[in-house]
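Student: Each chain, written out:
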Amino acid sequence: MNIQFTKYSKIYYIVSAVLIVASIVSLFAYGLKFGIEFTGGAVIDLTFTNQRPSNDQIKNQLSEFNLSDLTVKPVGNQGATLQLSGVDEATHQKILSKLNELSPVQENSFQYIGPSVGQELRNKTEIAILLALVAITIYIAFAFRKVSRPVSSWKYGITSLIALIHDILIPLGLFSVLGKFYNVEITIPIIAALLTVLGFSVHDTIVIFDRIRENILRRGMGNFQETVDWSLNQTIGRSLSTVFSTLIVLFAIFFFGGDTLKYFALTLIVGITSGAYSSIFIASPLLVSWKSYDEKKMQKGQKPKK
Amino acid sequence: MSQKYYIFIGVLVLAVLSILFAYPSYYDKGVDYLNQKFSWTLPHFWQKDYTLGLDLQGGVNLVYQADLSNVQNKAEAMSGLRDVIERRVNTFGVSEPVVAVQGDNQLVVELPGVKDVASAIQMIGETPYLEFLEERTQEDSQKIIDKIQEVQKVQDEGKDITKVDDWLMALQNPYYKPTELTGEYLNKATVVFDQTTYKPEIQLQFNSDGAKIFEEVTGRNVGKTIAIFLDSYSIIDTNGDDKIDVSDLYAPRVDAKITGGKAVITGNMSTQTANDIARRLNSGALPVKIGSPISQETVGPTLGTVSLQKSLWAGIYGLLGVIIFMVLFYRLPGLLASVALIIYVAINLALFKLIPVTLTMSSIGGFILSIGMAVDANILIFARMKEEIKQGHGLAAATDEGFKRAWPSIRDSNLNSLIVCAILFIFSTSFIKGFAFTLALGILVSMFSAIFITRIFLMVFVGPKLEKFKNWLL
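Protein sequence lines correspond, in order, to chains A and B. Okay, so the first sequence: first residue is 30 according to the numbering used here, each after it adds one. Okay, so the second sequence: first residue is 4 according to the numbering used here, each after it adds one.
Just so you know, the hints here were simulated from the structure itself, not pulled from any lab data. Fair warning: there could be bad hints in the mix.
As a list, the in silico PhoX-like pairs of lysine-lysine whose alpha-carbon atoms are at most 20 Å apart [as the list claims (entries may be wrong)]:
id, chain 1, residue 1, chain 2, residue 2
1, B, LYS180, B, LYS260
2, B, LYS118, A, LYS123
3, A, LYS102, A, LYS291
4, A, LYS291, B, LYS313
5, A, LYS62, A, LYS291
6, B, LYS356, A, LYS127
7, B, LYS215, B, LYS166
8, A, LYS184, A, LYS62
Same shape as in the complex, but just chain B (with noise of 0.2 Å):
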């Protein structure tokens, strides 16, 4: 067997592959059978979904802009509020958020199927607000878990909770109250490293109001702990369960009274976590403004399924419609190149999983665009196979000879679209990057497609046998 069956084969498993990969549910639900059937236990196919954007899943897109007037370290500064605003963010509960600087000082925030925009946009607005908690007595401890539990009480009844008398008190930390220290005295966080252990440390620097209040409150806690809270919550995730709720806990303790505003936070703690906290309590020391949103898209999930809908069905007719066209036109040679356009199809959604790439109504369109594009390289080579034939070559010389002259155009033609796809990029607005990018993505594949896929499929059904049709076929 010679070489091209080799690369044949290797061609159609990895059709097979990305037919598999990209529309599992039919392999799947024959797998379910066999194994009812013969209670075998075949796995099923590695399942990824696909990544759709807010457009076609619902859900909303907010563009903020920072002011960063006040700030020396922008890039940092801005790195510092995205984590603020994607701890907020996680505590809404929706799938996937997405937090993302974007230029200079913008931050968009993606939102998929939250209900309630306005709370949504009146919560990322907030002003961070960092404080300093000391340890309640254990007696005023008690007095709020008792609280907690006869409010939590009348709430299992159905009743309403804010009949319980002093119910407020139930909403506080039972173990730590609040000092007079907060965020606007801090200065700024560095992390450092030990000069003996080198371990890192977080070196705190108060302004000189702040200086005062820490030493008192330094004074009053010598052997017991100070807890850090960034919007309410802990400043870093502690139980290691990637998530910063009410059972995480971050309190160093306080050795000495410590005068002149300056302190640091020892302890077993990576570089990473030393980072974050650093980062975040900068966060809290020099807040940058947000405000309200400078854009804001809201799409409902009904228009998000019937884009969907709509926008996968010009996909499948506009694909029939080039194979019909191909076939009508360029006969056994079209049928290939459809063959390898159905492969395409497949290798790209493949792709898109892979990636993955996040599919709007402009990059699914991007795609489609991409699928009538792709047979251009095919159509250059059988138009030049056809001259060829004229010319009274056979069918396997006028094979390689129709890839090899229509080679530089299609290499041209390719390069000019990428060089569109290129400029188009430049504009940072969602919906060209999408089209650009799933325009690009479709032109690297059909090269592929077009150039080795069909090339192949052409070298091993051209035969002699075909050779007395050869006119007919092209």
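Chain A extracted, bound-state conformation (with noise of 0.2 Å):
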């Protein structure tokens, strides 16, 4: 079985063009909404133990706290998520008993973040992100490091690094969805496993890339795009399982891990789904285009020798 992946390049790179219009769109459009962790804040999670009050009764109700920003969320039947701007110890503690008056309820969970704790977290996320680009970038320079023909080192860096941006930006885009019409908030870890995707990411793009360099090797130069599908057709076998195994136990931790893990698992399952796409689909195929464009753009500048 061989299998041409590169024939069909323009219908990926057209699938992959959408997704990213659309992200980055959405994102330009309707930004990433940000958990407390990052902006300060306090959630209060409880649950009623009969019906639960309608969502003005309980702002009502709390009114003599000047809760100006405060948001309630229903959850499930009993449920509900009370969003609010910083308290204190014993205001929370008023607002629970006041809440007891209203309708008999029992507290699940309690965070507050104070505004210093938020700004830490968000100057953390971006030494992370930060760092996490500038080792990968090394990652990439270094298993590139042997220069190979008939195409250079740095255009592997580049297609893989345009991958890269391709698995990052779709789950992005995903989540600036989420937030608009969910109220799916960016948290700890759906950052954690943003961070997980980028390392994922660029490993199954250097696999692939390290069997075209082989197959160069050991077949000789011949015909770039066939070598290219025929590395593919090696290791997609590998691709599919490794990813499959790995959705499988993310899919496990989506439908029965709870609510603290499901965007977790959420964002790595389109992460690592993106990232096997585009490993297959998007960087390999681009080395080739790039090629023949290359060349193209070489005949165009000589007169053809014959």
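Assembly of the complex is requested from the two constituent chains, each provided in isolation within its own frame, with the hints serving as guidance.
Tutor: Here it is as structure tokens:
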């Protein structure tokens, strides 16, 4: 079996371009909704013993605290999540007893993040992302340090970076849509998942590129497009198996693992799927397209020798 | 018997021990049954519990930021503060509280299962109070002891103790009464060593007001003792029961009136004790304010239990899914890899207990993810083996060659994942740390299980008999 992957490059490019443009538009239009870990504030997660009071009832009941930015989000049949700006423990307890007067209620969890903590976390996230990019650039430079023909090594590097941006933008776009329509917030677990995706995405690409180089060394230059196709055929089994076994556990977490890990798993599912797709259908075809583009330019520039 | 069988048996022993350690309850039940039936006395397996994080067992996590603007030695001030808060937290009676310094000026306090968060926060936030107390007269002491007995009696009868006259008197220390001397008059305490005996001593340095008060207090107490209290309890544990309560008392004797504001406490104490005392004196002398927490996370016990259940089921479903997938796609080697994967899970769980790793939602998430990734190495090896068989090699040669040629990819792949974990680890957020740590641990164990254990299995099970099925097997 020999599938000619690179034959339909244009279709893959169009699919990815549409997804990326949609992601970027969504990011500009809706932005990202950051969780209280980054913005500071408090979240109270409640379960009412009886019927949940309406959002307005809850808000009215708490009017004396002047919580101007209070939002109430119903959860399931009896639960509710209150989000508000910072409160101290005394006020927190008063809020709970006030709600108890309205209807018997049990607190599942309470989280308060001070403004300085949010700022610190934003700084740390920036540092981590920067470090990750530096580390990955070094990794790519190291992996392709031996110059190989007929495509020079930096082109491998650029294509893997393009695939990387592809794999980060798509989950981010998804979260801007989820944030807008389902109030899903970017939280620490999602940042962790995104950074993990970053690592895996590059690696997937490098495994395939390694094969391409190995085959060029073994079979000689030949037809570059055929070599790429052949390498993809050799590696696709492994790529799919690895992604599949990882996706199995991620779906298990997504469906059964509870709320904390749900969107963490979703980020990884989208990121890893996109990573597998981009390394097979974007990065490798891009190498071929780039080379043929260079060849065409050369032919135009100089008269054909014959 | 060749070497590979010894290694194989070794792997099996390791696997059985890990499984028993990770989940001893069936073994223990079996032992109980046998003991009862044959009146044997077989011991239970070594019992150790998993360490569960606050999000899984319920409790509160508080982060404080200390105001160190007036402090010279910041690291020492923080360890003094940690010590003071730990003393207070220990009086809450929660199991295994954590008090730890984070970064330069932050203090993390974790109180599993605490009921009254509000009063815990209030007690933690109080400024440390260091006081020097002098002996009461015998007559005074007797009065207080009588009052304590009276109040005790009323309390035992279940009546309101506040109805007793002067009931507040019963709350006082019966043997010591406060003096004017408190932590605010103390400049610092240092540990020095006697030049002839080399024994540790504690040097106290009072400020000018403190020097006068100290002179008065020592003047009227020559030959008597002066007790040192921090937060209303003895400054150190004196009866060696590892907790500080009303039965402890640290009270050095005054030999003479001391002028000039400099004093030395001598005695038979270890350097460790002297350091403890000095550090606590300093935390009372230069109280570091921490105010209210800058972040707080409270998880109810019900939510914790539900989260734990859910994540366990996610892990079990994930593991089953991967096993089914491996057996369907890689048949015999897939089955062997699945057995290796189960051993991998057991070794990991045993390590969680042994190290011990605090299990949170995130660390369980990292662990489950690592289950999915652990088979990657095997997939790489099997893919290479398939290629070798296609080229006409025998099964044994294909196994050897498969491992050899897949190794660079496995090494690179895992190294890459470890780099990601290292980057994640620089976040000091506990969620990410937990995730990164278990993922990294999982990667290291998976290298062992995928390469070593699967290989031994293949070497033992792949014999000439299987040779003719080789095309079906892979």
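Student: Compare the structure with each hint and give your call.
Tutor: These are the hints, each one checked on the structure:
1. The hinted pair formed by LYS180 of chain B and LYS260 of chain B meets the criterion: a straight-line CA distance of about 19 Å does not exceed 20 Å.
2. For the given pair, LYS118 of chain B sits about 16 Å from LYS123 of chain A by alpha-carbon distance, which is consistent with the 20 Å threshold.
3. Distance restraint check for LYS102 of chain A and LYS291 of chain A: the Cα-Cα separation of roughly 18 Å lies within the 20 Å cut-off, and the hinted pair is therefore satisfied.
4. Distance hint between LYS291 of chain A and LYS313 of chain B is fulfilled; the C-alpha atoms sit about 11 Å from each other, no more than 20 Å.
5. For the suggested pair LYS62 of chain A and LYS291 of chain A, the alpha carbons sit about 17 Å apart, so the restraint of at most 20 Å is met.
6. For the proposed pair LYS356 of chain B and LYS127 of chain A, the alpha carbon gap of about 43 Å is over 20 Å, so the pair is violated.
7. About 41 Å separates the Cα atoms of LYS215 of chain B and LYS166 of chain B, which puts this hinted pair outside 20 Å; it is violated.
8. At most 20 Å may separate the alpha-carbon atoms for a hinted pair to count; LYS184 of chain A and LYS62 of chain A exceed this at roughly 35 Å.
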